[in-house]
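In order, the protein sequences belong to chains A and B. Take the first sequence: its letters are residues 1 to 293, numbered as in my numbering. Take the second sequence: its letters are residues 1 to 459, numbered as in my numbering.
In case anyone wonders, no lab produced these hints; they're calculated from the structure. Treat the numbers as computed from the prediction; the structure is a model and nothing was measured. One or more of the hints may lead you astray.
[As the list claims (entries may be wrong)] Each computed DSSO-like pair below joins lysine-lysine, with the alpha-carbon atoms no more than 27 Å apart:
hint	chain 1	residue 1	chain 2	residue 2
1	B	270	A	155
2	B	285	A	155
3	A	155	B	269
4	B	361	B	410
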Amino acid sequence: MTNKKFLQNTGTFLLFGGPSIFAFFAVVLIPFLFGLYLTLTNWDVRIGDHTFLGFANYAEVFRDKVFLTQLWFTLKYVFFTVVLANVAAFFLAFALTSGFKGQQFLRTGFFTPNLIGGLVLGYLWQLLFSQVLPYLGKEYGWTLFETSWLTDTDKGFWALVIVSAWQFIGYLMIIYIAGFMSVRVDVLEAASIDGANGLTKILKIILPLSAPAIVICIFISISRSFLTYDLNLALTKGGPFNSTELSSYHVVQKAFLSNEYGVGQSEAVVLFAVVAIIALTQAYFLKKLEVEE
Amino acid sequence: MKRSKVLILGVCMALVLSLLAACSKDNTKNNASGSSSEPSESQQATGSASQSSKEVKITFFNTSAEINTVFENLFKVYKQEHPNVTVELIPTPIGGAQIEKFQSLIASGNPATVANLDAGTIFQYKDKFLDLESDKAKYEELALPGAIDGALLDGKFIGVPYSAQGYGLLYNKRVVEEVIGGAFDPSTIQTRSDLETLFKKIEATDKAPVIIHGADWSLGAHYLGLAYSLQTNDIEKNRQFVEDVKNGTVDLSTNEAFNGLMDTFDMLKKYNARKSDPLVADYNKDSADFAKGEAAFYFMGDWSWAVIGTLEGRDKDFGILPVPISDNATDFGNSQVAYTEPKLFAIDNSGSTPEQQEAAKALIEWMITSEASQKAIIGESGLAMPYKNLKVESTNPMSSAISKYVADGKTINIGVINYLPSDYWAKTGASMQKYLVSKLDRAGFTKEVQDYWKSTAGK
């Protein structure tokens, strides 16, 4: 009897979980492990075969000064993007749960950038930065916009941050809204009766009670902004003179443009490790802030 | 109750399994037509259905992205003329990840049968392509003198050239003629000072003399690339020159052609229409501004016709001048324009069946010789073809202007770039960008370029 039950359970599991497990192995786990193996070889698409090298590629990674400076550049980019996107998304979500007319429409509106692919978004903003804003800048004498942001090394960085944040905000906002929904109304009402005003309510009640949403949002925005590639490609192509190349862009250039596949793949693994460490550490510490209602 | 649950479960399982089975069946079919050389069941089945001739499906990888649709329509015509051959286009985006896509096809063991690639890429992957030596005589017969020789890679014929392109200082005839007040004869500009005199006149009329497109490919591959081609008119000697730069036996800072070219660049910089924001590099806007007469000159090639040809309100006639590199009219380069056969058709030899390769050969010959194809390539795309006895005449005034230089033998063969590392244009292009915005002076710039070459030594 138990044997039959076990078979039944296995069957049900395979029925529902099987396809996902198969897909996970086929497109995530096996390629990842194979990729790890390739970093230990001198693999080259042009030749096709590969011999075992050991850790020589990784040594090369740490000699590649460009990669290290760009990793630092990426860290800065991730920091500002995550802060900007989360703060904006938090307050947007706060505003859009206050119950005024038309908030559904606005929610949809703010979410839309997330549905547009990074490439299209990049080209849209490229037009804005290189044509529309300079035109307006000249017309009205706004010196900040007179030249394209994308041809300046510093402003190019901020252009990247703004566009990525703009893309993430809608998505994070939805998670924050869901988080706020779980804060029970009676708790808020009790707080009002006790004389808590807006800011106190946010700081003392909403923020702690929606900590799970914050953990998720920061985790998502960190991992996504570390892997930004399409936006980088469409918006600045890493220019001017490689000053706005993010790590994943550099990895692709290294592997496919300079034909250094092994080093490129090793850099991708290093990048993976950095993302994993940062994202998991923040999740571990922020999770401690979660409180029981 | 329990039984019905089991029944439902069973039906669900059957559905899922049949779905997976259907997928796998599809896969084998694709493999059969794609890469495996053994005739599979499905192939045999279709073979017996149309007994007379076998169905062949070939794929065509296209990096001439601006004419994806032209090729797509052309393959439909081909299908009508050759019902048993299906050509499927694998398009790539303009300026997008073209080589990455090509590499991933090769790496996954599913290469395209025919690839339209830069000669340099074909050279890098030369082991993957079919040797076309047996067809060489036929194409030499068809092509303009020297065209097939120019397409050889390390002496081997592995790619068939289909287009010819040239670049230099394009000029807007109307603007220049308004400024000088009469017909403009390009042969009057033979030196840098001749050009600067003309630029001064243009500037006095409140028009911008020249547009320098600030993208790394234009600056690195086209402008700086001239430095390697201007050494001699022999590709082998130019290759040796680059090798000497790599191993440090040649110093660019004392090289005449290099310095002459950069002196001219300083001059162009001074008259650049994009002076206030030189790196803005919007290809469509730069081309359009030039075509509408806002600037008299434009450092670009005849391929910009793909943008300019369809513009409304543009000027009609355009010509081309060489980039002068000195004040001595007889120096090599001052009366020659850069000319190349940039893209070649090559046939895959790493995963295609002999039938597919035969079909690919027939397709390439048809694309070179048929009227339908010439109409598409010359007429619609505005490209020049390096072949004799063409049935279609070009509407592109820039490539016609270049053809005159070719006919007079006044060309710079820039074939040396086919042998350069695939990232040279991006890396040295970035240095050119720094020089363009004066972030580097000449000495710093020269050092950065030489450092790049030294870093590639032995790779």
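Results of checking the hints against the structure:
1. B/270 <-> A/155: OK: residue 270 of chain B and residue 155 of chain A at ~25 Å, within 27 Å.
2. B/285 <-> A/155: OK: residue 285 of chain B and residue 155 of chain A at ~22 Å, within 27 Å.
3. A/155 <-> B/269: OK: residue 155 of chain A and residue 269 of chain B at ~23 Å, within 27 Å.
4. B/361 <-> B/410: Measuring from Cα to Cα gives roughly 33 Å; hence the hint is violated.
The structure fails to meet hint 4 from the earlier list, while all remaining hints are met.
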